[in-house]
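S.K.: Sequence:
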Amino acid sequence: MGLMLDGDYTAKDRCKFCDSCLVAIKITDKGYLVQCEKCGVISETSQVVKNNSKPSRMAKVRKLKNKYYDMEVDYENY
Numbered sequence: 000m001g002l003m004l005d006g007d008y009t010a011k012d013r014c015k016f017c018d019s020c021l022v023a024i025k026i027t028d029k030g031y032l033v034q035c036e037k038c039g040v041i042s043e044t045s046q047v048v049k050n051n052s053k054p055s056r057m058a059k060v061r062k063l064k065n066k067y068y069d070m071e072v073d074y075e076n077y
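For the sequence shown, the residue numbers in numbering that gives the first Met the number 0 are 0 to 77.
No lab work stands behind these hints: they were computed from the structure. Incorrect hints may have been included.
Derived DEER-like restraints, expressed as beta-carbon distance ranges [to be verified]: (1) V40 / D5: 29 to 35 Å; (2) R13 / A58: 20 to 26 Å; (3) D28 / K53: 28 to 34 Å; (4) R61 / V40: 18 to 24 Å; (5) D28 / A58: 27 to 33 Å.
Being a predicted model, the structure only gives us computed values, none of them experimental. Where is the CB? At the ideal position from N, CA and C, for every residue including glycine.
Using the sequences and the accompanying hints, generate a full structural model.
M.R.: Below is the structure:
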């Protein structure tokens, strides 16, 4: 199980499907689990960068992370 990231981290690469920003959700053995802001695709990457924490941006990132962790908990309880 990976560690949850605190703050706004984004991948250096872009989504392969819609070319949108990838938000880092948690640390894994191979790097980082990231999710596309726009289409929601989840993938892995090796490098992320920390962004400035603007309140409006942080709310969006928190929403993405909470959605992912809610799905993960539902899957584990299934």
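S.K.: If a hint holds in the structure, say so; if it does not, say that too.
M.R.: Hints, verified against the model:
no. : hint                  : in the structure
1   : V40 / D5: 29 to 35 Å  : violated (23 Å)
2   : R13 / A58: 20 to 26 Å : holds (22 Å)
3   : D28 / K53: 28 to 34 Å : holds (31 Å)
4   : R61 / V40: 18 to 24 Å : holds (19 Å)
5   : D28 / A58: 27 to 33 Å : holds (30 Å)
Hint 1 from the earlier list is the only one contradicted by this structure; the remaining hints agree with it.
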